[in-house]
Structures are given as structure tokens and as C-alpha cells.
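A.B. asks: Residue numbers (our numbering), protein chains in the order written: chain A, 1 to 423; chain B, 1001 to 1303; chain C, 2001 to 2173.
Treat the hints with care, since some could be wrong.
Here are some chain A residues the structure puts well away from chain B; computed CB gaps all over 12 Å [claimed, not checked]:
id : residue
1  : Gly7
2  : Asn14
3  : Ala16
4  : Leu183
5  : Arg197
6  : Val318
7  : Asp319
8  : Asn382
Negatives, chain B to chain A, calculated, CB over 12 Å [said to hold, decoys possible]:
id : residue
9  : Asp1008
10 : Ala1015
11 : His1019
12 : Asp1090
13 : Leu1109
14 : Pro1150
15 : Lys1156
16 : Ile1163
17 : Arg1167
18 : Tyr1203
19 : Asp1225
20 : Thr1242
21 : Gly1253
22 : Arg1264
23 : Lys1299
Straight-line alpha carbon distances no greater than 25 Å define the calculated SDA-like cross-link-like pairs of lysine to any residue that follow [stated by the list, open to error]:
id : chain 1 : residue 1 : chain 2 : residue 2
24 : A       : Lys105    : A       : Gly143
25 : A       : Lys129    : A       : Lys113
26 : B       : Lys1037   : C       : Arg2105
27 : B       : Lys1036   : C       : Asn2056
28 : B       : Lys1028   : C       : Asp2069
29 : B       : Lys1042   : C       : Asp2069
The set of hints was computed from the structure by calculation and includes no laboratory data. Yeah, the Cβ is synthetic: ideal placement off N, Cα and C, and Gly gets one too.
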Amino acid sequence: MNLFLQGGEVATENEAPQRADVWIVDGTIKAVEVMDVPEGARVVDCSGQIIMPGMFDSHVHFREPGQEKKETILDGTEAAINGGITGVVMMPNTSPSIDSPTVVKRVLEQGAKCRIPVLTSACITVDRKGFEMAPIAGLKEAGILMLTDDGDAVPNAALLKRAMEYGTEFDMFFASHCEDPQLCGPRALNEGPVSYRLGIQGTPALAEEICMDRDIRLAHATGATLHIQHVSSAIGMETIRWWRDERGAKVSGEVSPHHLMFADEDIGDYDTHYKMNPPLRTREDNAALLQGLKDGVFRIIATDHAPHTEFEKSQAFVDAPNGITGLDTALVSLHDRFIARGEFGWDLIVKRYSAEPRRMMRLEVAEVAEGKPADLIVFDPNKETTFTKEFMKSKSSNTPFLNKTLKGSVEMVVLGDQVLLER
Amino acid sequence: MARKDFLDIVSLDRAEIIHLLDQAVPFKDLFTRSVKKVPALKGKTVLMLFYEPSTRTLSSFEVAAKRLSADVTIFDIPHSSVTKGESVRDTIDTLQAMRADYIVVRHRLSGQPAAIARQTNASVINAGDGAHAHPTQALLDAFTLREVYPEMEGRKVVIMGDILHSRVARSTSTILEKLGVEIAFCGPGSLVPQTRFRRFTNYEEAMKWGPDAVYLLRVQKERQDAPFYPSDREYHSVFGITEDRLERINDEGIYVMHPGPINRGVELCDAVLDYERCLISQQVENGIAARMAVLFGLKPQVS
Amino acid sequence: MSTALDPSAISTAIGRLADQIFLAAGGSSVDLIGIRSRGDEVAERVFGILKEKGANVRLGILDISLYRDDYEHLSSNPTLQSSEIDFPVDGSHVVLVDDVIFTGRTIRAALDALFDYGRPAKVDLAVLIDRGHREIPIEPRFVGKTLETDRMDRVDVSLQKTDGKESVEIITQ
């Protein structure tokens, strides 16, 4: 394999993209500089395009085992590749839950058959029921780093505290889906003028904020490392900032593209493509979260990729399952909504959607640099992508971007000595 | 009207509303004839799809449809069969096979009548969906108020009770607002959300505002998981029309309305029903005329 | 387009109708019921003349929008107005009044509407203009003027109160 990516700009996490060619031989990057075409290399014209490390998504729901109709691990990874993502962390709310070494092994075996690395988290409590602690030591041995009951919060504070006290010894970290179970109602949408207009009981941002507060205090008191998942509320984000900066708590936060882009108003006439948990809040929250991302309050971006069948999403709004897919669309949508409009640059994306997510999972950061293994993508900011069902590789197509055309395109994905994608 | 469906008040403009109210008048005039029927909808099928129980709305629609000479079919849906996973599409397939011209839908989930309307050529009428809308109720309320106040502009109406869960509050406030009426909401703080309307959580304050009519809502204990107020008895003493309050209402000639069914001893005491400015039975009577006007005014696309 | 009747011809025709009805009534009571729209204005004017002659006559207005047989072909339903028949119709001698009789369908609808009000002893039909081309076996007893028209012609009647002017025009298609 002798590949020469010519004419593009290379993006890193610390500075704006610089003009450089990239020469890859047998899966290793031999050079990153403006140079002549090396002898025998296959030239790919990357003029006007950006070359950056592969993205890494720390929050995806592949519905295997148990709900393969919506997504399989294989389809999910293909969707990731299609979106420029070269590594993922699965969430454990499968059926059975990923709450034991056996299920972990099974999932990782399936993952090994895919074209990109697949990691997984595991449950804090058995079957995420919130009563018994999962076999944490066994999970650690099976390779687990992140413990989460994602899909739900742990309702019992005492149990969570004890799990943190116990689990921290194993050098694992906790991740929280924050939601007070008594305030959350039918978990349909944000409480506010939109829920009033549509006549559906809403979930106040309070429900998330109260639980975030609780989990962060528990982590701080027990010395645990905590990662707050899919933050949707501006006030909640401030809680993370305060505890981290004022009190030195080991807490990080993650934001999804949809909580930066959409608000409850977008639900319109009961459109379930805007229904997820935590729900879309207000435009003010969008703005505040975006600023928080720019200011570094959020450690990472993650999609919370949540595939559901068309049938399920065509149910009545209250009954339809929560979630939208994200892997196929995330990078292009972040470019279309933010980079193309000058809100932030590629350095932020490389940092928050590639480097930091890998650091959080204690992996080698992917870099487009001499001597590093090839783990990179080529992005064309001037082409457009239309997200038809046929274009997207996820088994499901429950995304608000369905059939929409956005600015930007993932043109190529290279991992090791394999070209995983080339358009 | 030339619309296919009648789903909510929000999508109607003032001119359309006034037209509908005017259209209801001749229908009401028919009630005094010995033959109350007209052949306007002869040969048409009206299907009643009531996923939620309701004797009064169902029978009001049934009478309205029959007085227009339509054939009425009541689709009996046992409440236990309304389970999760029941797709709107499954229902539509059944309905298409029945070739109904008009479908009257009442559903516990907001947005369902609209979902059905999108997928069928029949004219869909929303008979109440979740906490979202009850447009025919709003129409008959506006019609009733207009009978006592032909010039509605500038009048004041306070809607009292469980606003949060009430589709009647939403639709009736919207229709009256479009007709120039000033609206206020009043009730327990836990049941009156912040909206664009004036908000009172105290009965006396609401009455000081000087309403021309008080619109009482049924307080719906059955929809509450955690309680919103301590007890019906306390509700009655704090917000209900007690006999004392009725005396003052009587002195000021304020009209009293209620969409029914009433909770005696909660929203109001029995004496309210005998108060001469209580419009509850007019509302019921006008319901039939209003529903006839709606049925008459829609255009199904069924060939 | 041709003017079939000018204002004075219309007055004459209305006068003829009133005379015919007066003669036929022979002093008994008669209920004139005009069919909206324009049939009501004709009925009003006939009523005025009959009253002057001292006839025993009552006036009512019938709105037949709810009885039409042609809704399917309209993009939106007609605007309704109430009928105004303030007297009982049972056992009475009704004279239905309309401006033009053409296919006869309007009169048929009017009969349906009328019979939902009660059971008259006798019903007669008076029309200002008979333009022929019947599709229903209905014939007026009293006619102001008969006009020769083609099936596809349009006959436009304008009356003072309803239209602000007086004319009957035939428009050839």
C-alpha cells in the first residue's frame, strides 16, 4: 500500500489546518509535508480538502445482542465508517444487557469482525435494574473501562455511592445518564411552551440537573472519576464546570450534535425525529452549550447514536422510542452547522471528537503525523451530502437529516493499510 | 370551509371561525322543526372512532351526523386493546377498507387524529386528543358565548381549573382569543402553567379582574400520578363556586360555563345549575348545531 | 348576450303572477314561500301586490342549501342561511315562488325542504321566468314570462334588492 494524499490541509487538535501532503506506506504515515509525488505511489487529489485523524464516538447504541432489527454491530460500524468515524464505544442497554464478562466477550468477538475497533462499556448494576452491583472485577478483567447504566440513571443514591467506592479501586470510571425518575414523566419532550401546545407532559431540565448534581457530588465524595453523558441543559453544564474548576472534581461532560443544533420547537407537528432522551431543550440551551463546547467545558462530542425502526418511530409521539441515529451524519452536520458558518474550527472537532474521546478510553490518540499508524479521514468542505436511506449505512434511518442535503462530505477513510472508504 | 379535516383551532383564522359560527345558526334553527333532519349528508358514512370513553361527545356527534342524514357507525374499541405498539397505520388500513367519508376521532394521545388525517382521504374531525385540542367544544363554547354577547370583542373570560391537562382550556382559550375576548387562567399553582394568558392562582384575584364569564373545567383527578392538590374538598373551598361565591356571581350577572361532565361539589355546588346565567345546557344544545356545521363544511377526498 | 326583460317587463311579469295567484286563491288564504335567493324577492313583491288587493296572504322564505343534490361537484359547500317560515305549514295552501325554473331540480329540493316543515294541504308553483329544459316532471302553475333558451344558455336574473338592478339576460355560450 503506497498512498499519496496530495494538495490538502492537515487538521490537528491545537491549530488551524495547515497545508501538507500525506504519504502513507503499508499502514504507517511516512511523511506529512508539502512534497513531490513519491515514486510508485497512488496519488489521491485532496486539493481543497481536509485530512484529519479518524473520529471516535464514545456513545453509540448498537442493538446487538437482542434487537438486531434496528442495528447490528457490523451495520453500526459501517455507519461509523461512512461518517468518518474509526472507533466507537457501545452502550450496554442491549438485551441481555452488557452486565457480565460473558456478554462482554460475545460483543467484543462480534466487534473484532468489523473493520474498525469496537469497544464497549458495561452496566453499573445487574441488567441496569438499579438493585445489584454488576460483577465489576470480572468486567474489568474482560477489558471494561467505563461503567454506565445508560438509558437510565441509577435511582438509588446509596447503591451508586457504594458502586463508586468499590469500582474506583479497579481503576474504572463511571458515566452517568442523568435523570430523576420521579420528575421525568413519560420522557417525551422538554417541559415548556411546546409541551403545553402539544398537550403532552414534558420533562423539566430540572430532572437532569438534580441528578447531575447528585452524581457529581457522589463522585467527588468517593474520589470516583465521572463522565456526564449527553448533557442537554445549560444549567447542568454549569454544574460540571463549577465542580470541576472550583472543587477539583474528576468530572467530564459530553454533548451531542443534536443538543447543539435543535430545540423543542423543531418537534413541530409531533415529529418523532426530534424525540430523544434527554430531550431537545431551548434555543438558549443550544447557544449556551455551544459556548460551553468552545470554552472547553465539554471534554468530548458523542452522538448517542440510537437506531429505531421506521415502524417504531411512526407510533404516537408519546409511545415512539427515544433517539436518533448519528454516526452517518454527525461530522457532516457539525461542519454544515458550525464550521462552515465560522462558529469554530477543525481543531475543536479533532480535539473533541477524536483526540479526547480516545484519551478518555486510554487509547493512543490518532494523529496525522510522521511515524504514526494511519488512522485518518479526508473531508471535502465544498461537496454536499444528501442523507438518503440508501446513502446511510446504519440499518435504521431515524434521523432529522433524512433526505436533507448538507454541506460537506466524508471522502475517504484510511485505517492501517486498508482504505475503508473512498467516494 | 373547503378543508378536508377539522383538527384544531390554532390552524383556523378569525374569518373561518366566524363563518363556521354563522353556519351553525341555521342548523340550530332546525331544532324547532318537527322534522329535525336534512338530507345534506345523505348516503355518506360517518365513522366514530372513540379510543377514550365519552358518552356526551359521542352522542352529540351521533345526533349531529344523523340529523344530516348520514349513516353513522360506531367503532367500538375496547380500552384494553389500546396498547403500546399499536400503529396508526394498522388503524388506517382498517378504516380505508370501510370507505368512511368522515371519521370522528377521540384519542388519549395528543396528535393521533392528525396522524390519522395524514394517512386517509376521509375527513377527520378531532373529538379530543390527549391534552392537545378539542376544537368542536371550542366552537360550541364560542357559539354559546356569542348568543349572550353578540359583540365579543373586549369581553373577559376566566377559565378555571386544571388548565395543565385540559385540551378544552387550550382550544377554547384560542378560539375566544381569536374573536377578541380577553382570557385569563385561574387554578392551583400546580395546575396552571405559564402561558401567554394572564395567570391567577387565587379565586378572589381572578374575580377582581372583572370577568364577564367564568368557564369551569372539570378537575381531573384520574390523570394524576403524584397529587397536584391536597383534596377535592380543599379544591372546592379554594377554587370552587361555593354558594357564597355564587351569590356574588349572581349579583354581578356573570355567566357560568362548563364543558361537562361536572364534578358536583368540586368545581361547583349544585345551586349553580339552577342559576339563570348558567349556560351549561345551552352549551350541550349548541354542541349539536356546531358539530353539524363542521360536518357540513368539510370536504372529504374520498371518491 | 341579449336582454330578455327590462325593468318594466319584469314589473309586468310580477304583476301577472300576482293576478293569477289572486284569481286562483278565490279569497282563501295563501302562503307565499319564496326560494332563496331571488325567489324570496319575487315572493316579497308579489306579497306586496296581493296585500294591496286585500288578499289573505302570508310570506315565508325557504333556504334550500341543505337540500341540494349537487354537493359533490362544489369545491366548498354553500353558505347557509336560515329559512324563515314563522307560521305552521300543516294544512295550508302553499305557493312556492322562484325567479327561474329550468331543470326543476331546485323545486324538487324545495319540496323536500318544505315537507320537512309540515304537511301542506296543497302546493302550487309560481315562477317569474320559465326557460324550459325540464329534467324532472315538475310544472309551474303560475308563470310570469316564458323564454325560449338553449340548454347551454345562461339566464341571469337581477333584481333590485338582491342585485341593485333589474334585468333578465340570456347569455349564449
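A.B. asks: Are there hints from earlier that the structure breaks, and if so, what are their numbers?
C.D. replies: Going through the list in order, the structure violates hints 4, 5, 6, 7, 9, 12, 13, 16, 17, 19, 25 and 27 and respects the others.
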